[in-house]
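Please take these sequences and the hints and turn them into a complete structure.
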Amino acid sequence: MRITQGTFSYLPDFTDDEITKQIEYCLENGWPLSIEFTDDPHPRNIYWEMWGLPMFDLADAAGVLMEVNACRKAHPDCYVKLNAYDASLGRQTTALSFIVQRPEPEPGFRLDRQEDHDRVIRYTTRAYVVDRPTGERYRGESNGS
Amino acid sequence: MSDPKKSDPNGPYSDSSDAPARPSFAMGRSGAESVPTKPDPMKPDAGTSKATDYGRQSSSTARPTRAGIAPSAPAAGTSGGSGEAEQLPPGAQVDLSAAQADSGIEEVLTGLDDELVGLDMVKTRIRELAALLLIDVQRRRFGLKGNRPSLHMSFTGSPGTGKTTVALRMADLLHRLGYSRKGHLITVTRDDLVGQYVGHTAPKTKDVLKRAMGGVLFIDEAYYLYKVENERDYGQESIEILLQVMENNRDDLVVVLAGYADRMDTFFAANPGFGSRIAHHIDFPDYTIDELFVIAEKMLERDGYRFDEETVPVFREYLERRMVRPRFANARSVRNAIERARLRHANRLIAAGGQVGLDDLVTLKPEDFLGSRVFAGEGPEPGDEED
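Those sequence lines, one after another, are chains A and B.
The numbering of the first sequence is the working numbering, which starts it at 1390 and goes up by one.
The numbering of the second sequence is the working numbering, which starts it at 16 and goes up by one.
No wet-lab data here; the hints were simulated from the structure.
There may be inaccurate statements among the hints.
[Stated by the list, open to error] Here are the computed lysine-lysine pairs in the DSS-like style, where the Cα-Cα straight-line distance is at most 25 angstroms:
(1) B:Lys242 - B:Lys221
(2) A:Lys1462 - A:Lys1410
(3) B:Lys197 - A:Lys1410
(4) B:Lys219 - B:Lys242
(5) A:Lys1462 - B:Lys221
(6) B:Lys197 - B:Lys221
(7) A:Lys1462 - B:Lys219
(8) B:Lys197 - B:Lys160
(9) A:Lys1410 - B:Lys221
(10) B:Lys313 - B:Lys380
Shown next, in the form of structure tokens:
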């Protein structure tokens, strides 16, 4: 099941050229970019691991893309996303955020129904991959393919 | 959330890390691309300058002719490079003068001529380089495939010979010709690249490189990166990262190394990778006394001062003496001399008191220079700069 989150979740995944254009747009607006990665695909997992610090003082998209590729290389079996921060409001505001790498395949989520009092049903989504410890979650599949 | 059929029709899983559309920056590019195109940079055959005495006079004279344009087109490469959007048919003609005017490079080159005194060799080389790039742009319009010319440079010369100024102009030039996307200049020294402990260097160097992407990275005193006496120096790590990025991200940034000629030679000898990746070695010769004088006059004009008539021989005498003293830094020493003369000038006026007119305020008199230690004799000066 394809995870969709962030600004362009309704679009097919971007190519590097398209990513570069988005980065250019962010830099033109003065938004520093940061890279984050995770292997826990749950939608409520908002704290992804940071790949280095946010990249301030950059003038050109090539520098960001270089880091994106470094992160992809180091974590080929993780989700990687790019965030752009707009500091003009005086606090950290995410102006743009989109996934630039996804592991393959994405097994998706199991829906648990818990019956509670008075016929109340509580729902829990649970990614299949989190049954395995972090770091091994997508490894088997991606190596096999 | 749990509906597996809601996947995207365009192949949702297509973005694995080995998708073909993604250029691999981390790994080297194909071997065929890695040969830099050398435009035979060591022969300034424009014909205006002599090999030994660089024939330099004041800035407005002796401008090299446009003769550099025709012969310096690059040898055609074999692969790589991307064609422009609209490709011209083989029979088409391009107007070189119009292309030159459109790019606005003439403005930069004229600015270079006006701003920098002398340095005819350097100016000729830069004109040749500009011609090469302009021709390369035209070639691409016809769809000729070729490697992008290698643009990494080394500027060698004594302090105060205009290396940084030329680098700034070069960044502007490359930007106007479309060889540098942003055209900014990042000036760094060893301190900005090399870390203080294990594991500190690589992030530091990469950070600088990222900032310089799309522009020009100017590494001043580059030979400090390599320390002969300490083989475990972190500079080596920095050099390796630099070399890798210079090769793999050749389209993204231009690296300019600067430093004293002899020490840069040692540096290149110890790091052959650098020497071979740098196509353009530009030597900045020391200024002659006449040029220094013109520089001083330009500086005075800019600051709203002028020499008294009797000051002229005194100042020449000052330059002659200063040039043979240690730590002479060409134009920078001239600037410092003038700064100090201004100081003495102000003190002289205050000490004299009374009425002063405009003439007094702008005229530097001989005694403003004669107070210098240079005239006082050969006292050993431990300070960084004498005046």
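- Task: Report the numbers of all earlier hints that the structure fails to satisfy, in ascending order.
- Result: none
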